[in-house]
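Peer 1: Got chain A sorted already, so can you dock chain B onto it with the hints?
Top to bottom, those sequences are chains A and B.
Just so you know, the first sequence maps onto residues 2 to 118 in the numbering used here.
Just so you know, the second sequence maps onto residues 71 to 186 in the numbering used here.
Quick caveat, the hints were computed from the structure, so don't treat them as lab data.
None of the values given here were measured: they were computed from a predicted structure.
Be aware that one or more of the hints could be misleading.
Using C-beta positions, here's what the derived DEER-type ranges look like [as the list claims (entries may be wrong)]: (1) A:10 x B:155: 21 to 27 angstroms; (2) B:167 x A:70: 24 to 30 angstroms; (3) B:134 x A:18: 22 to 28 angstroms; (4) B:114 x A:70: 23 to 29 angstroms.
Using N, Cα and C, we set each Cβ at its ideal position, and we do this for glycine too.
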Amino acid sequence: AQKVTQAQTEISVVEKEDVTLDCVYETRDTTYYLFWYKQPPSGELVFLIRRNSFDEQNEISGRYSWNFQKSTSSFNFTITASQVVDSAVYFCALSEGASGGSYIPTFGRGTSLIVHP
Amino acid sequence: DAGVIQSPRHEVTEMGQEVTLRCKPISGHDYLFWYRQTMMRGLELLIYFNNNVPIDDSGMPEDRFSAKMPNASFSTLKIQPSEPRDSAVYFCASRTRGVRSGNTIYFGEGSWLTVV
Numbered sequence: 002a003q004k005v006t007q008a009q010t011e012i013s014v015v016e017k018e019d020v021t022l023d024c025v026y027e028t029r030d031t032t033y034y035l036f037w038y039k040q041p042p043s044g045e046l047v048f049l050i051r052r053n054s055f056d057e058q059n060e061i062s063g064r065y066s067w068n069f070q071k072s073t074s075s076f077n078f079t080i081t082a083s084q085v086v087d088s089a090v091y092f093c094a095l096s097e098g099a100s101g102g103s104y105i106p107t108f109g110r111g112t113s114l115i116v117h118p
Numbered sequence: 071d072a073g074v075i076q077s078p079r080h081e082v083t084e085m086g087q088e089v090t091l092r093c094k095p096i097s098g099h100d101y102l103f104w105y106r107q108t109m110m111r112g113l114e115l116l117i118y119f120n121n122n123v124p125i126d127d128s129g130m131p132e133d134r135f136s137a138k139m140p141n142a143s144f145s146t147l148k149i150q151p152s153e154p155r156d157s158a159v160y161f162c163a164s165r166t167r168g169v170r171s172g173n174t175i176y177f178g179e180g181s182w183l184t185v186v
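Chain A extracted, bound-state conformation:
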């Protein structure tokens, strides 16, 4: 069973639109971490944000915001006023302590965001 589900395979928007990327996770652990990574066309994987399971406070960083809701096991990512440079594949990841406490991340399949000018 997938532990991290990114149901949106591809999203296409026009510049300046807001867009939300969904991430649903599954875990039985009480302590875990959630992450978002960005993979631009150049191919590298860039860390964007992490959240631990004890901190449900939402976060805003410029045009980026993240909504963590334990009640729905979701960790969604919103880009406000999207720009062409936001075009990338975005990965959500979960690391749990169950595997001997090692917190090895499992990644979703990614959502490809295409922002058209």
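Peer 2: Frame of chain A, contents of chain B only:
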């Protein structure tokens, strides 16, 4: 600070040849990971090390794959013999452990392998 450094960035090789991918983790990080990315399977963990010791290699696809970490600043992933289905992007990543770091892993730029 230098990030995770991988080499080569791109490699094209013929089927049957040996391929060696190299990785230098971030200084001070005690965990090192090798991931493979393909369209079919996404990002999958191949193996990870803690303090230079392989901890879990259950993701290594078959005996043709091997990984070593002779010291804290260097790791290799070797494929021998290589096959076309090994074509993928291979990422190395590293992290330190603990609440402060949030167990965040940082990736290298990847090694793009094509086996023809």
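Peer 1: Hints first: check each against the structure and report whether it holds.
Peer 2: Verification of the hints:
Against the hinted window of 21 to 27 angstroms, the Cβ-Cβ separation of residue 10 (chain A) and residue 155 (chain B) comes to about 23 angstroms, which satisfies the hint. A hinted range of 24 to 30 angstroms holds for the C-beta pair residue 167 (chain B) and residue 70 (chain A), which are about 27 angstroms apart. Distance hint check for residue 134 (chain B) and residue 18 (chain A): the Cβ-Cβ separation is about 46 angstroms, which falls outside the suggested range of 22 to 28 angstroms. Between residue 114 (chain B) and residue 70 (chain A), the C-beta spacing of about 28 angstroms keeps the proposed range 23 to 29 angstroms intact.
Violation of the numbered hints given earlier is confined to hint 3; every other hint is satisfied by the structure.
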